[in-house]
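Chain by chain, the residues:
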Amino acid sequence: GNSVTQMEGPVTLSEEAFLTINCTYTATGYPSLFWYVQYPGEGLQLLLKATKADDKGSNKGFEATYRKETTSFHLEKGSVQVSDSAVYFCARNTGGFKTIFGAGTRLFVKA
Amino acid sequence: EAGVTQFPSHSVIEKGQTVTLRCDPISGHDNLYWYRRVMGKEIKFLLHFVKESKQDESGMPNNRFLAERTGGTYSTLKVQPAELEDSGVYFCASSLAGTQETQYFGPGTRLLVL
Chain A
6 GNSVTQMEGP VTLSEEAFLT INCTYTATGY PSLFWYVQYP GEGLQLLLKA TKADDKGSNK
66 GFEATYRKET TSFHLEKGSV QVSDSAVYFC ARNTGGFKTI FGAGTRLFVK A
Chain B
35 EAGVTQFPSH SVIEKGQTVT LRCDPISGHD NLYWYRRVMG KEIKFLLHFV KESKQDESGM
95 PNNRFLAERT GGTYSTLKVQ PAELEDSGVY FCASSLAGTQ ETQYFGPGTR LLVL
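Read top to bottom, the protein sequences are chains A and B.
According to my numbering, the first sequence is numbered sequentially starting from 6.
According to my numbering, the second sequence is numbered sequentially starting from 35.
Since the hints were made in silico from the structure, they are not lab data.
Model, not experiment: these values are computed from the prediction.
You may find that some hints are simply not true.
[To be verified] Think about it this way: if two alpha-carbon atoms lie no more than 30 angstroms apart in a straight line, the pair counts; the simulated DSS-like pairs of lysine-lysine are:
1. B:Lys78 <-> B:Lys88
2. A:Lys61 <-> B:Lys75
3. A:Lys61 <-> A:Lys82
4. A:Lys82 <-> B:Lys88
5. B:Lys78 <-> A:Lys73
6. B:Lys49 <-> A:Lys57
7. A:Lys61 <-> B:Lys88
8. B:Lys75 <-> A:Lys115
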């Protein structure tokens, strides 16, 4: 089927720890891939995206590389901050206007 | 520039009642979308407007849900009558014309049906 699967949370880290949130997708063709973030009390924000294989999206210290061979788009950050505490959603488009989301991963960063 | 706004931010209603959610997209965005996140699960697509026309309503769960976008500006999503399983967060998003354009999301409306 066509879906997005991401690691279950919550993920709890100490400040300055390394973050990885795994995401894999199934799709026909080559969709664009996204990471969205939802900070407490706010809407979804696009964090980064990649539109073709081997592209790396990056923003605010976060990175994710479009891996066609493993159908993955794992989110990483080398040193998390308390302000990174949020829910992170992996997503892909359908070639049209729909976006398909994963279930979200809540991240808690402790000072 | 104002982002996507949604009203109300929260709504608590009883089963069988009616609720209407509103979304104001970013000015100039022809595309408007409704999504829903139920019980902490994935965010699911409900429908897509281009201006005032429904382009895709394949995600609408049943005929208790009615979306409108009269005049091609703001949109409403009415649930009538509401059921317990309708509880969740309803997100609206908008984008410029074209499938590759970024979708900008609103803060969501948290609906609780008791």
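Okay, the hints, checked on the actual structure:
For the given pair, Lys78 of chain B sits about 17 angstroms from Lys88 of chain B by alpha-carbon distance, which is consistent with the 30 angstroms threshold. Taking the CA atoms of Lys61 of chain A and Lys75 of chain B, the gap is near 27 angstroms; set against the 30 angstroms cutoff, the hint holds. For the proposed pair Lys61 of chain A and Lys82 of chain A, the alpha carbon gap of about 13 angstroms is at most 30 angstroms, so the pair holds. Taking the CA atoms of Lys82 of chain A and Lys88 of chain B, the gap is near 39 angstroms; set against the 30 angstroms cutoff, the hint is violated.
For the hint linking Lys78 of chain B to Lys73 of chain A, the alpha-carbon distance of about 24 angstroms falls within 30 angstroms, and the restraint holds. A hinted pair counts as satisfied when its Cα atoms are at most 30 angstroms apart, and Lys49 of chain B with Lys57 of chain A does not qualify at roughly 45 angstroms. Annotation: proposed proximity of Lys61 of chain A to Lys88 of chain B is violated, straight-line Cα distance about 34 angstroms (limit 30 angstroms). Of the pairs offered as hints, the one joining Lys75 of chain B and Lys115 of chain A holds, with about 25 angstroms between alpha carbons and a cut-off of 30 angstroms not exceeded.
The structure does not agree with the numbered hints 4, 6, 7 stated previously, though it agrees with the rest.
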